[in-house]
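*Asks:* Chain by chain, the residues:
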Amino acid sequence: MNLAATLRRQLTFWKALFYFIMAGGLAALYVRVVYGLGAATNQTDAFPWGLWKGFNVLAGIALGAGGFTLAATVHIFNVEKYKPVLRPAILTAFLGYLVMIIGLTIDIGQPLRIWHPIFMWNPHSVLFEVCWCVMLYLTVLMLELAPAVCERLGWRASLRVLRTISVPVVLFGVVLSTLHQSSLGTIFLIVPYKLYPLWYTPLLPVFFFVSAACSGFAVVMFASWHSAKAFHRQLPLPLLESMGSVLAVLLTFYLAMRFWDLHQRGMLHLLLVNRTETWLFLLEIGLMLAPAALLFHRRVRNNPTALYVCSAMVILGMVANRLNVSLTGIEAASSTHYFPKWSEWMVTFSLIAGAFALFRLAAKHLPIFPEAQVPSSAILTESSLPPAPQAELAFSRRA
Amino acid sequence: MSKAILYDATLCVGCRLCEKACAERNKLPYDDVIASREQLSASKLTTVVTRGDKFMRRLCMNCAEPTCVSVCLVGAFKKNAAGPVVYDQTRCIGCRYCMLACPFQVPAYQWDKQFPIVQKCDMCGDRVAAGRMTACAEACPTGATIFGDRDALIAEARKRISEKPDQYVNHIFGESEVGGTSVLLLSSVPFSQFGYRSDLTNEPVPMLTWRVLEHVPDIATMGGVLLSGVWWITHRRQEVEAAEGGNGTKETKS
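One line per chain: the protein sequences are A and B, in this order. Mind the numbering: the first sequence is residues 1 to 399 in the working numbering, read in order. Mind the numbering: the second sequence is residues 1001 to 1254 in the working numbering, read in order.
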């Protein structure tokens, strides 16, 4: 009883937070639409890309990487045991990309022309390639998610069609993801005069790809942990344990490459320079290094809380990397200072919260998790309190 | 024949008539307040920077291989054969990648507009196409800004430097920076004092991304083939296992 009371109080808090964020986001959106980008953001001619590009777009896409890493693992490498987390992974990916597209539409100066790249081509532009890959991959994600919807609605015929095309669709999706996850790094190859040398390297596309794969696994672990909590299901620990070891290897590979690259370019000495960039670089690396070291221990991998903390650190490390490359690493050379306005924060937070609400909604009403049949009592109590506890998961999913 | 602008800072008296002519040509307001701003912006496409008794113009360099043309995903920028880098505002979606990528930090945005566009000097594309000179060159009373064939202007600049070597920095800015530009600058003090980068290489900036981008079709094809191969192997292995193991069941299609 005591516990129930505490829980109720907590739910109200998360609910309140959710509505507060959403209201703030709407207010920010109003300012953006009516008064323009200058009023809604702190972006300037000297600093044309802000939080909405750095976080909503760059980190958003990387957080959606779970979709292709697990699709490849399960369908192409045929590792059957990962199947239980495949659909949650695809759902996180779909929401990540959806939210990214909403964020981008808000960020660009002419949202009504967002369809232009379909007809107006410039194959020399990295953004053009990214744009097409993302459009196509979103279609792939819808096709990968469709079976869950069809199962729910009992559409047998559609299911059969989806099953026949599933292998080429997955293959196509993995290729598309490889291309655009890395190309997001290629975007910054064009700013050698702006990006601080701790980050500017010809290997940016490779680093973006590998770190996206890392955070893809981390997001799936994170989401599994949270949904187990929210829906009172048992955590698939053996599976997460195995993902943890894969993640440890991936992270080690990634970090080794980062330092090898610094060494090759003769930039290691920059780590001794006392500048903001150095500390931000160390923060970003630390957030990847700590889970890499921890996850090599079986004891850590078998501890749900430790696994959760590790996956959160990897996600934050990836986000820190994207923000460093797109914002903080560029600031000094732009001879300006940028800190996001309240409206920039609010839009970003609402996108995160919105993604969480949608994840919860989908997880509840679609066959996403293998034994997702929640005891009916739990459904009742929870659905009567709208999108509450997912706000707690909230900051994982999209950010 | 490729055209260019040559600006010789040693002849400039800082009268800002080029700024005024530019504003008129682009139908932008111009008054004392705007004149006092040294930054390029959406309402000021060229500016005269003053450092003591030295002057220097800032304007779009109209690169031979422009970064903005290469990065724009909808192809809103075009390099004309005559030299101007022109912008089609009806294509622009407002992603601002051109602004991030430009090595000269030139493109400016209408931050206060509901449906903003990018603004930059386009070397008077329409006038040049009609065989006229740019508005700034026409307005310049001292001959600090002149307009002509790029090769001829480079020869002229060389001549000026060699005739009065003590009056000039021995460098024509824009002759070879980022692959050459259609705006050429001469100065008596280092260009970096006016915000021009001294670390620009002679390689066109777009090559940095193109070197990666040109491999995309190969990576896509190779990746597709490789992944199909992996898929075939892993599933074949499973089929074989199924066949060798419990073959009591009818052959099941996977």
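Everything labelled a hint here was simulated from the structure, so no lab data went into it. No residue lacks a Cβ here, since even glycine has one placed at the ideal position from N, Cα and C. One or more hints might be untrue.
[What the hints assert, rightly or not] The calculated lysine to any residue pairs, modelled on SDA-like cross-linking and capped at a C-alpha distance of 20 Å, are: (1) B:1113 with A:114; (2) B:1113 with A:299; (3) B:1113 with A:194; (4) B:1079 with A:194; (5) A:194 with B:1200; (6) B:1079 with A:121; (7) B:1113 with A:123.
[Claimed, not checked] Across the chosen pairs, the derived CB separations fall in these ranges: (8) B:1244 with A:229: 49 to 59 Å; (9) B:1050 with A:290: 10 to 20 Å; (10) A:267 with B:1211: 15 to 25 Å; (11) B:1165 with A:111: 31 to 41 Å; (12) A:158 with B:1234: 18 to 28 Å; (13) B:1027 with A:153: 43 to 53 Å.
*Asks:* Hint by hint, say whether it matches the structure.
*Replies:* Hints and how they fare:
A distance of roughly 18 Å separates the Cα atoms of residue 1113 of chain B and residue 114 of chain A; the hinted pair therefore holds under the 20 Å criterion. Note on residue 1113 of chain B and residue 299 of chain A: the hinted pairing is violated, with a Cα-Cα distance of about 57 Å set against a maximum of 20 Å. For the hint pairing residue 1113 of chain B with residue 194 of chain A, the CA-to-CA distance comes to about 27 Å; that exceeds 20 Å, so the pair is violated. The hinted pair formed by residue 1079 of chain B and residue 194 of chain A fails the criterion: a straight-line CA distance of about 24 Å is larger than 20 Å.
Taken as a hint, the residue 194 of chain A and residue 1200 of chain B pair is honoured in the structure, with Cα atoms around 11 Å apart against an allowance of 20 Å. Between residue 1079 of chain B and residue 121 of chain A the CA atoms are separated by roughly 16 Å; this keeps the pair inside 20 Å, and the hint holds. Pair hint residue 1113 of chain B plus residue 123 of chain A does not hold up; C-alpha atoms about 29 Å apart against a cutoff of 20 Å. Between residue 1244 of chain B and residue 229 of chain A the beta carbon distance is about 43 Å. The supplied range of 49 to 59 Å is therefore violated.
The hinted range of 10 to 20 Å is not satisfied by residue 1050 of chain B and residue 290 of chain A, whose Cβ atoms lie roughly 52 Å apart. Distance hint for residue 267 of chain A and residue 1211 of chain B: a CB-CB separation of about 20 Å, consistent with the stated range 15 to 25 Å. Distance hint check: the CB atoms of residue 1165 of chain B and residue 111 of chain A are about 55 Å apart, inconsistent with the given range 31 to 41 Å. The hinted window of 18 to 28 Å between residue 158 of chain A and residue 1234 of chain B holds, with their beta carbons roughly 27 Å apart.
Under the hint 43 to 53 Å, the C-beta atoms of residue 1027 of chain B and residue 153 of chain A, about 58 Å apart, miss the expected range.
Checked against the numbered hints above, the structure breaks hints 2, 3, 4, 7, 8, 9, 11, 13 and satisfies the rest.
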